[in-house]
Amino acid sequence: MPPEFQKVMQEAFARVDWQGFDKKKVEAAIAEALASLDSVKLHFVENCVGCAACAPACPYYVAGEEYGPVEKAEHVRHMYRKKATILGMLLGPLKNAKTPKKPEDLDKLVELVYRCTNCGACYLSCPFGIDSGALIKGVLSSIVTKAGRVPVLMSVFEMVERKKLFLHVPALMQMWDETLRKASEAIGRPLPFDKKDAEYYLFVNLADVMFYPGAVIGAIRILDRAGLDWALPSKPLAFRPPIAAVIGLSKLAKEEMEMVVGEIEKLNPKKVVVLDGGFVYPWMRWQVPKVLGRRPSFKVLHITELVAELLKQGKIKFKKTSDKVTWHDPCQLARRGGVTEEPMEVLRAVSSEFRPLPHHGAESYCCGGGGGIGCLSMKMIEMMAQIMGVPAQMFLSGEKERQFIEKTEQAWALAVRRKIDDIKKSGAEIVTTACPVCMHSIEGGAQLYGLKVKVMHIAEYIADKLE
Amino acid sequence: MEYLGGAASDIYSFAVYRFFWIALAIFAFGSVYRIAKLVLRWRRVVKAEPRRRGVGTMIVGLIRTFLDPIIFSIKTKPYDFIAGMLALHLVGVIPLIFLLAQHVVFFAYWIPIYGVVAKWGLWIPLSMTTSTLEITAPIYPSSTSFTNTIWGPLVVILNGDVLAILAILAVAFKLGVKIIEQAHGLQHVRWSDYFSLGLLLFILLTGFMAARHHTFSAETMDVATYRTILGLHILAAEILLAITPFSKYWHLVFGYWYGKFHEWYDVRVQKGLT
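As they're listed, the protein sequences go chains W and Y. The letter at position 135 of the first sequence is residue 135 when you use the working numbering, and the numbering goes up by one with no holes. The letter at position 77 of the second sequence is residue 77 when you use the working numbering, and the numbering goes up by one with no holes.
For reference, chain W alone in the conformation it holds in the complex (with noise of 0.2 Å):
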């Protein structure tokens, strides 16, 4: 193990604790996650009226009432009432007032903050524009893990990322350059690298290739076949960020995305692509200029956006196909990112048999394995740390870590089969999705469910598919 990484992992062990309650710590994470509190999210805690009209849309209830929305996010709302309003700290339980007093408390609060993928399905339905998954994976998350109460592998991976070491990881960067190998053979030339002003860039990250390098390919074989100027980093410049949004560090997620952004803005792009439809774009879509404070230089689309534009503008074509092929929307793509058209458009273009999911757009079942829940398993465990050289226990902190994880993997095993039936209902034998964790959780409950069918990244489908 490089001597970076041992300095890392020591770190990242130093901010775990999944034994402990350091009072002072819990308060300090208390009082920074309220006093984060802006207009919207104050509408978030004050104005639910317990009506719990959001649990039914949640991936999560089906395991458990006490995981719909409502529920979770009233945890927020005790620690708010208790700090923050006068007849809260006079009154306390009366007036539904608390604090989390011993581990047991923060054992709850971290179950229930991985009972949510911040899919915004609550949010849609929520009666009055209540957004829960803010409250639960902005505020609460953050108190969790300020606490002690985070994934080892999560930890340890938000600071691979900001520290750009896995950079020194052969593993990955064998797959980095494997991946881009293969697409310089795709296309028959050397990649455009680094290259600066160009029209497009195509920001690829070190999780694109390790979960769907065919994507990446695909994508490349679609910006080179539009005869498109357009450029790539040499060297991935984040593994999937901001990582430490999922754990709920918001200054640490803004110190990432401003040296991505500043990177990306070094080579002066007009246009960036994003394939990843998870966090990653909503992020770079959304949030950016809001925790920048700027808006940055480029604009951002995701790829189905781009092969939307490049169909009506007649610069490349597909050969019509009769796939029994069907798109599930990613809840960071949709719900959280507004890009729910371009994908179905972009599937009509290339086979007549695309058939929609029962529940598609606004209105998609989620998968069950955003927020981190993804990470969440023993199998992805021992698959990370494979690829990083170490043994598998170094991830994890220790048996409650473990039992966590196993309780979550069950969890998840009821949250994904809504999604399952939903695909099974469409008779599709071709999953198409853009993102990493949708695509490893449909697999799974596929599998665990006993449906046959092929999920596959969408650039990876349609490049094959071109004229």
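To be clear, the hints were calculated from the coordinates, so they are not data collected in a lab. These figures come from a predicted structure and were not determined experimentally. We put the beta carbon where it would ideally sit given N, CA and C, even for glycine. Treat the hints with care, as some may be off.
Facing chain W, from chain Y, some residues (calculated, C-beta under 10 Å) [as the list claims (entries may be wrong)]:
no.: 1; residue: H184
no.: 2; residue: L186
no.: 3; residue: V189
no.: 4; residue: D193
no.: 5; residue: S196
no.: 6; residue: L199
no.: 7; residue: F261
no.: 8; residue: E263
no.: 9; residue: T274
Since the structure of chain W is already known, use the hints to place chain Y on it.
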């Protein structure tokens, strides 16, 4: 002040001539407080360039923002929808508060322009068999306009009796749901829920009793008792008005509207979700 056999110091007079202003003042203070809290937390943020999908999409988005949660509720929680949305809001409490003839007369006393509700025949009668106001109502209708409605045969449903019963059943259902949820150990049930719903139930019951007093004989329901019950009804309604900014009822005034318009702007206008 002597009025229809009652004393100036009775609960009815206190509610109508004294506490109304106190409740209104508390409501006004609370509203300013709630909105000021929100304004003080407002932070200027740099927004990304919006996705422009056209005005038509924005209008459809606005309709969907309000309609989608209702459709979702019908599909996933039909009983909650019937009790919560239909009986408690759309055909229960809202028309009762704003359109019941007695209330129209009362509101028109304070705000004369409210008389247009009667003028246009939008008011709803006390029952399907009588559209006259009670003889003991404190304010007599100035013209027959208060007894003419545009609802025609719809008064079979659109009348005080039916709506009040629906609303009472709905509040009782909601209270029952809260009790069951609390028994399940769910955290989102708040003690204030019982107070808010209990107060509403009290208002509905006293209102129903006051409105139905003429079904009793003079021996069992004298004017003083009537004034007491009506006074309790009005007083409780004024307490509800006063606590509105500090309770779940704030959603009627602000929370619902702010929430939905914010969601529309965020999701449909800015992000262009269709």
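Against the structure, the hints come out as follows:
Because the beta carbon of Y:H184 sits about 6 Å from the nearest beta carbon in chain W, less than 10 Å, this interface hint is met. Using the Cβ-Cβ criterion of 10 Å, the hint placing Y:L186 at the interface with chain W is satisfied: the shortest such distance is roughly 6 Å. Satisfaction of the interface hint for Y:V189 is found here, the shortest Cβ-Cβ separation to chain W being roughly 7 Å, below the 10 Å cut-off. A least Cβ separation of about 6 Å between Y:D193 and chain W falls short of the 10 Å threshold, and the interface hint therefore holds.
Taken as an interface hint, Y:S196 checks out: its beta carbon lies about 9 Å from the nearest beta carbon of chain W, inside 10 Å. The interface hint given for Y:L199 is broken, as the beta carbon of that residue sits about 14 Å from the closest beta carbon of chain W, more than 10 Å. Annotation: interface hint on Y:F261 holds; nearest CB of chain W at approximately 8 Å, less than 10 Å. For the restraint placing Y:E263 at the interface with chain W, the shortest Cβ-Cβ distance is roughly 3 Å, inside the 10 Å limit, so the hint holds.
For Y:T274, the shortest C-beta to C-beta distance to chain W is roughly 6 Å, which falls under 10 Å, so the interface hint holds.
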